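Number of protein chains: 2
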Amino acid sequence: MIDHTHDPAAKSWVPGADAHADFPVQNLPLGVFSPAGEGPRIGTAIGNYCLDLTGLAPMLPLAVREALTLPVLNPLFALPGDARLALRHALFALLTDEAHQSAVEPHLYLADACTLHLPFHIGDYTDFYVGIHHATNIGSLFRPDNPLLPNYKHVPIGYHGRVSSVRLSGTPLVRPKGQIKGPNDPAPRYAPTQRLDFELEMGVWIAGRNALGETQPIAQAWNRIGGLCLLNDWSARDVQAWEYQPLGPFLAKNFLTSVSPWVVTAEALAPFRVAQPARPEGDPEPLAYLDDPVDRQSGALAIALEVRLASRAMREAGQEGMLLSKGQATSMYWTLAQMVTHHASNGCNLAPGDLLGTGTISGPASGSEGSLMEITRNGKQPVALPTGERRAFLEDGDAITLIARAERQGFRSIGFGSCTGVVEPAL
Amino acid sequence: MIDHTHDPAAKSWVPGADAHADFPVQNLPLGVFSPAGEGPRIGTAIGNYCLDLTGLAPMLPLAVREALTLPVLNPLFALPGDARLALRHALFALLTDEAHQSAVEPHLYLADACTLHLPFHIGDYTDFYVGIHHATNIGSLFRPDNPLLPNYKHVPIGYHGRVSSVRLSGTPLVRPKGQIKGPNDPAPRYAPTQRLDFELEMGVWIAGRNALGETQPIAQAWNRIGGLCLLNDWSARDVQAWEYQPLGPFLAKNFLTSVSPWVVTAEALAPFRVAQPARPEGDPEPLAYLDDPVDRQSGALAIALEVRLASRAMREAGQEGMLLSKGQATSMYWTLAQMVTHHASNGCNLAPGDLLGTGTISGPASGSEGSLMEITRNGKQPVALPTGERRAFLEDGDAITLIARAERQGFRSIGFGSCTGVVEPAL
Numbered sequence: 000m001i002d003h004t005h006d007p008a009a010k011s012w013v014p015g016a017d018a019h020a021d022f023p024v025q026n027l028p029l030g031v032f033s034p035a036g037e038g039p040r041i042g043t044a045i046g047n048y049c050l051d052l053t054g055l056a057p058m059l060p061l062a063v064r065e066a067l068t069l070p071v072l073n074p075l076f077a078l079p080g081d082a083r084l085a086l087r088h089a090l091f092a093l094l095t096d097e098a099h100q101s102a103v104e105p106h107l108y109l110a111d112a113c114t115l116h117l118p119f120h121i122g123d124y125t126d127f128y129v130g131i132h133h134a135t136n137i138g139s140l141f142r143p144d145n146p147l148l149p150n151y152k153h154v155p156i157g158y159h160g161r162v163s164s165v166r167l168s169g170t171p172l173v174r175p176k177g178q179i180k181g182p183n184d185p186a187p188r189y190a191p192t193q194r195l196d197f198e199l200e201m202g203v204w205i206a207g208r209n210a211l212g213e214t215q216p217i218a219q220a221w222n223r224i225g226g227l228c229l230l231n232d233w234s235a236r237d238v239q240a241w242e243y244q245p246l247g248p249f250l251a252k253n254f255l256t257s258v259s260p261w262v263v264t265a266e267a268l269a270p271f272r273v274a275q276p277a278r279p280e281g282d283p284e285p286l287a288y289l290d291d292p293v294d295r296q297s298g299a300l301a302i303a304l305e306v307r308l309a310s311r312a313m314r315e316a317g318q319e320g321m322l323l324s325k326g327q328a329t330s331m332y333w334t335l336a337q338m339v340t341h342h343a344s345n346g347c348n349l350a351p352g353d354l355l356g357t358g359t360i361s362g363p364a365s366g367s368e369g370s371l372m373e374i375t376r377n378g379k380q381p382v383a384l385p386t387g388e389r390r391a392f393l394e395d396g397d398a399i400t401l402i403a404r405a406e407r408q409g410f411r412s413i414g415f416g417s418c419t420g421v422v423e424p425a426l
Numbered sequence: 000m001i002d003h004t005h006d007p008a009a010k011s012w013v014p015g016a017d018a019h020a021d022f023p024v025q026n027l028p029l030g031v032f033s034p035a036g037e038g039p040r041i042g043t044a045i046g047n048y049c050l051d052l053t054g055l056a057p058m059l060p061l062a063v064r065e066a067l068t069l070p071v072l073n074p075l076f077a078l079p080g081d082a083r084l085a086l087r088h089a090l091f092a093l094l095t096d097e098a099h100q101s102a103v104e105p106h107l108y109l110a111d112a113c114t115l116h117l118p119f120h121i122g123d124y125t126d127f128y129v130g131i132h133h134a135t136n137i138g139s140l141f142r143p144d145n146p147l148l149p150n151y152k153h154v155p156i157g158y159h160g161r162v163s164s165v166r167l168s169g170t171p172l173v174r175p176k177g178q179i180k181g182p183n184d185p186a187p188r189y190a191p192t193q194r195l196d197f198e199l200e201m202g203v204w205i206a207g208r209n210a211l212g213e214t215q216p217i218a219q220a221w222n223r224i225g226g227l228c229l230l231n232d233w234s235a236r237d238v239q240a241w242e243y244q245p246l247g248p249f250l251a252k253n254f255l256t257s258v259s260p261w262v263v264t265a266e267a268l269a270p271f272r273v274a275q276p277a278r279p280e281g282d283p284e285p286l287a288y289l290d291d292p293v294d295r296q297s298g299a300l301a302i303a304l305e306v307r308l309a310s311r312a313m314r315e316a317g318q319e320g321m322l323l324s325k326g327q328a329t330s331m332y333w334t335l336a337q338m339v340t341h342h343a344s345n346g347c348n349l350a351p352g353d354l355l356g357t358g359t360i361s362g363p364a365s366g367s368e369g370s371l372m373e374i375t376r377n378g379k380q381p382v383a384l385p386t387g388e389r390r391a392f393l394e395d396g397d398a399i400t401l402i403a404r405a406e407r408q409g410f411r412s413i414g415f416g417s418c419t420g421v422v423e424p425a426l
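Going down the list, the protein sequences come from chains A and B. The first sequence: position 410 = 409 (numbering that gives the first Met the number 0), numbered continuously. The second sequence: position 73 = 72 (numbering that gives the first Met the number 0), numbered continuously.
Some clues are possibly wrong.
Identical copies go unnamed one by one, so any copy, or any two together, can satisfy a pair.
Below, simulated EDC-like cross-link-like pairs (lysine to aspartate or glutamate); rule was C-alpha separation at most 20 Å, straight line [claimed, not checked]:
| id | residue 1 | residue 2 |
| --- | --- | --- |
| 1 | Lys379 | Glu394 |
| 2 | Lys325 | Asp282 |
| 3 | Lys10 | Glu284 |
| 4 | Lys325 | Asp21 |
If you're looking for bench data, these hints aren't it; they were derived computationally from the structure. Bear in mind the structure is a predicted one, so any value in this text is a computation, not a measurement.
Go ahead and model the full structure; you've got the sequences and the hints to work with.
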């Protein structure tokens, strides 16, 4: 799977691309953007530029040309993975060989002057719960006597989320209202949430299709991973605590889900596939339908994750976001392939552009928690900001930024851009 | 709201329409159908015929004509309710006044020769849980010590479902596989479900739109009810029991959800709006955002419901489906308006063609339960079929048919057609 497009020495003729933290020529993520004053189209990010693939289509492989005509990635991810690999190779050649510079340059737009769009028409959104340290941390707050339920190490737990409120990074988060009832309140009230939180997740964009009634054998499940993004599963913890039994989270999470705009493809992530961490001694083996030797050897991803918080006062003082958390995507108990195979194990049909969330990714150690609820121990140990402010949960004006970077020795690291949102007051 | 289109004495010139149990001229449900050998289009059902509204558009109000061009109801239900009321009045006039017969007749097709289609492009599907007797019955099986949780009488509990597996009535149900672990099994196994069940629900098709961040005040929430259908929330009880904690049902319910093809409109249901049954003494009052005097007086619906089961042996012997359950839609603890207002109470955006399930509607008495799990007391008291067969849960070859009819003294009753499915063996 590792080919010359992953050569860390490869250079692009696009100014600044080789030095760009996220989008060197080894990345070539896919997305949808509009140049200033123009309509949306499919593109890739190269350094500080967006490259118009719809305009560039005549120079790209025949197999993908038709899929580049509409400003949405679904048709491209309905194609076999070979087509996207051919696209990657073609883009790599066009952007590394100076012979192509004069033909390609007219299709480059400075990213700062472009507007990015949601890359897919999303059919369904499913949120998993594969961050075992998060499940343990948060379970111990909701159910102190019973943090990790007996099914957790057998079933990749997931639930359906809301598609209509999935939005691109940068969409403001209006503080939601909801039913809230503290443990000692005699009755609930309808009020703005007081326990607004983020959740650090990766989003998985599905490629290909299984028909209703068809399962997805795990040996081929990686072919169903189109690419990844960052995902913030904003959560209202007080609403969640009151509503979530017995059917799971609902209004506590469907007011906004933010995703980063660029799809870092499975092809770009190939060098960063690493062995699944060994299950702790005594943990059950996965059932056969979830077990695959290749997935064991290469089902995890070497992706470093960060969360930063910048209050309004911090931003007004020109301060950078404060690091809230730093973790690793290898903290997931189940692989992406296991998530896909389990999802389709009852014949549930997954389609190109379906979105899976991994669930919150927390590490085992303090400093690697993927939500404020964990970081502040349910608000009891607020975080001190550089301004002297304190945060138990998010306050109006707070900006949360998620960052991810695939990193592995011997390879050029590639990034996901960022996924941000600023909290606005309740209406 | 009650106008001459609800006159029980009104007659249509369409042969047999007046005698048709479901689709007399007082109903005029909306749907999408294809005449034999032709493409799909919007239609209404009148007696044993489908009437092509796309073809009839030049005779219909200007306000709806553009919305009739595509073979999907979303644009029509994006319009204000006035437009659909005008459409109803126009159709009523065309189908009752013989002066229009020669112009309209060419657009009539015998229903038996037509293919029906899913009426909407569904953006999101949410399943509620407003059948309080079901919640109590099933809660007592999953949690004997704690059947109805403390939030139930304050919060219209709901959760997100899967859109991709919503299918039209008649789609076969392939018995799904899943992780199953009995209470005494040492470990789970992956196997075909042994506890396949139906759930009798009404489906609600959303009309109109609230933007992300906007709520839907309850005084206007009825305007968001586009129409209703029957919905079967097929469930694998063994999978559900093992997977549902802590995030709710997932693979136990997303292998197929069946809906009936015709949308019985809010306008057609106007005469069947009845007072919400009084809450039992001691129950909490709804919070202000869920409380509206008009909704109290007219928020419930006088709809009679039935479930019939026909095993393969019964069908081969030419026997009708056996009545499994007979209930009333008034057994819902929350109204449709309360469901919509609660769903949008955190700013969650609902769009035309979104689907809400009510949750299983069971009555308080034996014989009115909306699922086999309730009828057979979790399989312990199997039902005897006329063939001598017994059913604890559904077996391969079983056909389940849901039926509903709006009935009220002084009005012509109207029906929903049916929602059926036959169980096929696991692959």
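**Item:** Hint check against the structure, violated hint numbers in rising order
**Value:** 2 and 3
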